[in-house]
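Numbering (the numbering used here), first residue to last: 1 to 178.
Don't read these hints as lab results, they were simulated from the structure.
Every residue, glycine too, gets a C-beta built ideally from N, C-alpha and C.
Heads up, some of the hints might be wrong.
Have a look at the derived ranges for each label pair, beta carbon to beta carbon [what the hints assert, rightly or not]:
{"no.": "1", "residue 1": "P39", "residue 2": "W80", "range": "26 to 34 Å"}
{"no.": "2", "residue 1": "R129", "residue 2": "R38", "range": "31 to 39 Å"}
{"no.": "3", "residue 1": "V135", "residue 2": "P39", "range": "13 to 21 Å"}
{"no.": "4", "residue 1": "E168", "residue 2": "W80", "range": "31 to 39 Å"}
{"no.": "5", "residue 1": "N47", "residue 2": "V121", "range": "15 to 23 Å"}
{"no.": "6", "residue 1": "E84", "residue 2": "P41", "range": "17 to 25 Å"}
{"no.": "7", "residue 1": "T156", "residue 2": "Y117", "range": "15 to 23 Å"}
{"no.": "8", "residue 1": "V43", "residue 2": "S83", "range": "18 to 26 Å"}
{"no.": "9", "residue 1": "E87", "residue 2": "D113", "range": "36 to 44 Å"}
Mimicking EDC-like on lysine to aspartate or glutamate, the simulated pairs with C-alpha atoms at most 20 Å apart in a straight line are [what the hints assert, rightly or not]:
{"no.": "10", "residue 1": "K163", "residue 2": "E87"}
{"no.": "11", "residue 1": "K163", "residue 2": "E126"}
{"no.": "12", "residue 1": "K112", "residue 2": "E37"}
{"no.": "13", "residue 1": "K163", "residue 2": "E140"}
{"no.": "14", "residue 1": "K163", "residue 2": "E52"}
{"no.": "15", "residue 1": "K163", "residue 2": "E85"}
{"no.": "16", "residue 1": "K163", "residue 2": "E153"}
{"no.": "17", "residue 1": "K112", "residue 2": "E123"}
{"no.": "18", "residue 1": "K163", "residue 2": "E123"}
{"no.": "19", "residue 1": "K163", "residue 2": "D136"}
{"no.": "20", "residue 1": "K112", "residue 2": "E126"}
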Amino acid sequence: MRSPAGPRRPDCGGEQPGRHHDHPRNPCSGTGEMSVERPLPEVTDQNRPFWESARAGRLRLQRCRNCGRFRYPPARHCYWCLSEEAEWAPVSGRGTVYSFVVFHQAFHPAFKDQVPYNVAVVELVEGPRLVSNIVDCRNEEIYVGMPVEAVYEPVTDEVTLVKFRPVEVWERADAVVD
Numbered sequence: 001m002r003s004p005a006g007p008r009r010p011d012c013g014g015e016q017p018g019r020h021h022d023h024p025r026n027p028c029s030g031t032g033e034m035s036v037e038r039p040l041p042e043v044t045d046q047n048r049p050f051w052e053s054a055r056a057g058r059l060r061l062q063r064c065r066n067c068g069r070f071r072y073p074p075a076r077h078c079y080w081c082l083s084e085e086a087e088w089a090p091v092s093g094r095g096t097v098y099s100f101v102v103f104h105q106a107f108h109p110a111f112k113d114q115v116p117y118n119v120a121v122v123e124l125v126e127g128p129r130l131v132s133n134i135v136d137c138r139n140e141e142i143y144v145g146m147p148v149e150a151v152y153e154p155v156t157d158e159v160t161l162v163k164f165r166p167v168e169v170w171e172r173a174d175a176v177v178d
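Make the full structure from the sequences, and use the hints.
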């Protein structure tokens, strides 16, 4: 007969042959809390200039030498003209919140102490969109279109995360003035 719906946590009373009792996802393995490291981006040859500039407190992105468009994430070819010619160029670090979500559940154990936390897509003045967090304001104050600027959070010797904080309205160089 089938058991009723509901939580199905094993009672962990005895070990069954052929099971992986020491596996980290086994609810019966281990006896206490374990420290979980925060997942960090992998620094590769292709994205190293981005992380080096972030570590220096600046934001640089790949720019196509053929059509002049910025792109992120870094790629071997331009998304628009397919040119392989690219350079790393500074960008303003200014943008607006394009989209965001506030997580009320930790989908990774390293973030359980940060709940609720936000994840935002920020559209830079130069065009590319970066996925990051909005800092220095309450989650309830974030809105689509909010003007933001880049700030830098050193995490390791190699990785400094680019985050964004709200700012008063800034003037866009390409804005049309009425």
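Comparing the hints with the structure gives:
Taken as a hint, the range 26 to 34 Å holds for the pair P39 and W80, whose Cβ atoms sit roughly 31 Å apart. One distance hint, 31 to 39 Å for the beta-carbon pair R129 and R38, is violated here, with the actual separation near 23 Å. At roughly 18 Å, the beta-carbon separation of V135 and P39 lies within the given 13 to 21 Å, and the hint holds. For the pair E168 and W80, the beta carbons lie near 33 Å from each other, so the given range of 31 to 39 Å is met.
Distance hint for N47 and V121: a CB-CB separation of about 18 Å, consistent with the stated range 15 to 23 Å. Checked against the hint of 17 to 25 Å, the pair E84 and P41 passes, with Cβ atoms roughly 24 Å apart. Roughly 20 Å separates the CB atoms of T156 and Y117, a value that falls within the hinted 15 to 23 Å. The hint said 18 to 26 Å for the Cβ distance between V43 and S83, and at roughly 25 Å that hint holds.
Taking the beta carbon of each, E87 and D113 are about 40 Å apart, inside 36 to 44 Å as hinted. With a CA separation close to 23 Å, the supplied pair K163 and E87 exceeds the 20 Å bound. A threshold of 20 Å between alpha carbons decides the hint, and for K163 with E126 the separation of about 17 Å falls inside it, so the pair holds. Distance hint between K112 and E37 is fulfilled; the C-alpha atoms sit about 11 Å from each other, no more than 20 Å.
A distance of roughly 17 Å separates the Cα atoms of K163 and E140; the hinted pair therefore holds under the 20 Å criterion. Proposed proximity of K163 and E52 is supported: the alpha carbons are some 15 Å apart, at most 20 Å. As the CA atoms of K163 and E85 are separated by approximately 28 Å, the hinted pair breaks the 20 Å bound. Our distance criterion of 20 Å between C-alpha atoms is met by K163 and E153, whose separation comes to about 7 Å.
A hinted pair counts as satisfied when its Cα atoms are at most 20 Å apart, and K112 with E123 does not qualify at roughly 28 Å. Between K163 and E123 the alpha-carbon distance is near 12 Å, which keeps this suggested pair within the 20 Å criterion. Simply put, K163 and D136 have alpha-carbon atoms about 10 Å apart, close enough for the 20 Å limit, and the pair holds. Of the supplied pair hints, the one linking K112 and E126 is violated, its CA atoms being roughly 34 Å apart against a limit of 20 Å.
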